[in-house]
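Listed below are the residues making up each chain.
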Amino acid sequence: MRREFWINTVLIGGLLGVVVLAWLLDEPFIITLSTKVVIFALAGVGLNLALGHGGLVSFGHAAFFGLGGYAMGILASHAQSFEPLQLGPLVIEGSKSMPVIWLAALAVSALAALLIGSLSLRTSGVYFIMITLAFAQMIYYFAISWPAYGGEDGLLIYVRNGFPGLNTLDPIQFFLLCAAVLGVCLFLVDRLVKSRFGMALEAARQNPQRVTSLGIDPYKVRLVAFVLSAAITGLAGAIYADLNRFVSPAMLSWQVSGEIMVFVILGGVARFAGPLAGAALFIVLEHFLGGLTDFWQFWLGLLLLLVILFARGGIIGFLAGERRHG
Amino acid sequence: MSLSLFLEQVLNGLQFGVMLFVMAAGLTLVFGVMGLINLAHGSLYMVGAFACAAVAAATGSFWLGLAASLAAAALAGVIVEIVVIRRLYTRDHLDQVLATFALILMFSEGTRWLFGSFPLYLNTPEILSGPITFPGGFQYPAYRLAIIVIGFAVAGGLFWLIGSTRLGIRIRAGESDREMINALGIDIGKLYTAVFALGAALAGFAGALVGAIQSVQVGMGEPVLILAFVVIVIGGIGSISGALIGSILVGLTDTLGRTLLPLVFSTFMDNSAATSTGSALASMLIYILMAAILVFRPTGLFGARS
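Line by line, the protein sequences are chains C and Z.
For the first sequence, the numbering used here assigns the number 3 to the initial residue and increments by one for each residue that follows.
For the second sequence, the numbering used here assigns the number 1348 to the initial residue and increments by one for each residue that follows.
To be clear, the hints were calculated from the coordinates, so they are not data collected in a lab.
Don't take each hint at face value.
What the hints assert, rightly or not - Covered stretches of chain C, going by a simulated chain Z footprint (3 or more residues, C-beta under 8 angstroms): (1) 25 to 35; (2) 48 to 62; (3) 126 to 140; (4) 252 to 265.
As the list claims (entries may be wrong) - Cβ pair distances, simulated, as ranges: (5) C/E85 <-> Z/T1437: 49 to 59 angstroms; (6) C/G323 <-> Z/T1437: 43 to 53 angstroms; (7) C/V93 <-> Z/R1644: 55 to 65 angstroms; (8) C/E85 <-> Z/S1351: 41 to 51 angstroms; (9) C/R247 <-> Z/G1510: 31 to 41 angstroms; (10) C/F7 <-> Z/R1513: 51 to 61 angstroms; (11) C/I94 <-> Z/P1482: 51 to 61 angstroms.
Claimed, not checked - Which residues of chain Z face chain C? A partial, calculated answer using Cβ under 10 angstroms: (12) I1384; (13) V1577; (14) S1623; (15) M1631; (16) A1638.
A virtual CB, placed ideally from N, CA and C, is assigned to each residue, including glycine.
Put together the whole structure using the sequences plus the hints.
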């Protein structure tokens, strides 16, 4: 564990170092790439809670990532056109303020996860994988065929949303804001995993019968974990959409579910900084392999295959050794 | 809506359904016998379609292309099984999902490398290119009708293969007790390779048949793969009859939903709202069907009760 602590410190310090260097050398593109790493890591932190700690192999987290993105897109587009959103008797003003948008993204993705989770968690194993995938596809096709918010073309937001006291258009300030969100979520998830709830979740993964006999309902524990996991991924989606000032059904596609899973696995399942390591490696590969060949995903696939077949703990597992228990 | 339009939609739904069955049968067999969830099944579908399009373009014969699709997909299946898949049988489902996800990336990019990003075109064979006229004047494309017939023939062939041949007996035995069948002197490794190749060949065959009515392009397999997942979740994983019922249910629900729902909504909404609401809901219909079935039967219609 001590070794893992040092690896995490080097990883986080390295990322911050790269960003500070890029800031000093005035390289906004590197800062934007690092922001992307942080946001993908946040999405991975969400999935890691369900997949790593809860053993719930969700292949549909793109649904929450995309719903978070659409929460941002819809609120900002209503603010941009000065037309409030009418939901029956409810009238919702659009918003260009990140805190409001984030709350909306958390709420929407948590609610969706409550619905999807309460149905999917009735099953387990392969059924669970396929059903989460299928529900994500359902939302994907809905987003494509529902014309009100751009349908297949997606929604473009003209100016990045604001955060009180910050200029979010400045790459370094936006990066620091995203990094702060990631830091808070990493801390909260770490506390949660080490709490009584986290132990119950871990135990429900290892031996549901025994957990039941102790008077804890594994279904409820898993559902709560699934909802929290989805909310974090949804938040990441809202911030990602803000980074691009664009949201489209592509954020909901099954490839995104796969990619979020790849961040978690490449980095190391159920590791504190696993998603960050995985997302960083993914972006580095995308950027550098993508510059060398148009077919970089072939090599990504090969690397992923080798990691799964021969290095099961991911990067952190490779560097820090096996987890103490699991 | 006229009767002939309705009949046409029912046949379209059946055609879609039987092709889903040919895909889903391989998936469900591989899962039932080896306990493996194979995301790369959609890639084998794509391999079949590309092999058929390439050979048909080179030789001018659709039938040679169809044979090539079977051979190419089965060969790809054997290679993938020996190199990668056989290391995954003892792993958990997470590893299987990720390794086969990695295979999708490699297959898709590899195909893009070989054939480029543009879709290939595959024409329906001459003999089946026109419509067939039923008594009463109703017309339907001969090729789509042939697909329905072939789909049911494949289903019949599979039931015969599993139910009454020696290979089928071994497959069923492998499903229920792999140590025992090994002890009885049957090479379980070869059996697994054979089952995987069979599933792969079916997927490639479906890809080639569908490729002639849609375009042949990279990424064509994954939407079908996900629908095949829905099918086997509905039917019950590992069950061939479940896959047949499930795929026809999904094919009909999807096709009829897309035509009927906008009509239903237009009875109480104005036209444009009815079209958008109807088509949005229709695109979700099969997933709603799946959710509904899961509420009542968490292991699918024909699945073993846990």
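Interface hint compliance - Z/V1577 to chain C, C-beta minimum distance less than 10 angstroms: holds, 5 angstroms
Pairwise beta carbon distance, C/F7 to Z/R1513, judged against the given window 51 to 61 angstroms: holds, 59 angstroms
55 to 65 angstroms as the expected CB spacing between Z/R1644 and C/V93, which holds or is violated: The hint (55 to 65 angstroms, Cβ to Cβ) is violated, given that C/V93 and Z/R1644 are roughly 42 angstroms apart.
Chain C contact restraint on Z/I1384 - CB to CB distance below 10 angstroms: holds, 5 angstroms
Range hint compliance [Cβ, C/G323 to Z/T1437, 43 to 53 angstroms]: violated, 22 angstroms
Per-residue hint verdict: Z/S1623, partner chain C, C-beta under 10 angstroms: holds, 5 angstroms
Verdict on chain Z covering the stretch 25 to 35 of chain C, criterion of 3 CB contacts below 8 angstroms: Not satisfied, violated; 0 residues make the cut.
Coverage assertion for the stretch 252 to 265 of chain C with respect to chain Z, Cβ distance below 8 angstroms, three residues required: holds (count 4)
Z/M1631 as chain C interface residue, shortest Cβ-Cβ below 10 angstroms: Where the cut-off is 10 angstroms and the nearest Cβ of chain C is about 5 angstroms from Z/M1631, the hint holds.
Chain C contact restraint on Z/A1638 - CB to CB distance below 10 angstroms: holds, 5 angstroms
Status of the given 41 to 51 angstroms range, CB of Z/S1351 versus CB of C/E85: Cβ of C/E85 to Cβ of Z/S1351: about 45 angstroms, so the range 41 to 51 angstroms holds.
Cβ separation of C/E85 and Z/T1437, checked against the hinted range 49 to 59 angstroms: holds, 57 angstroms
Violation of the numbered hints given earlier is confined to hints 1, 6, 7, 9; the remaining hints are satisfied by the structure.
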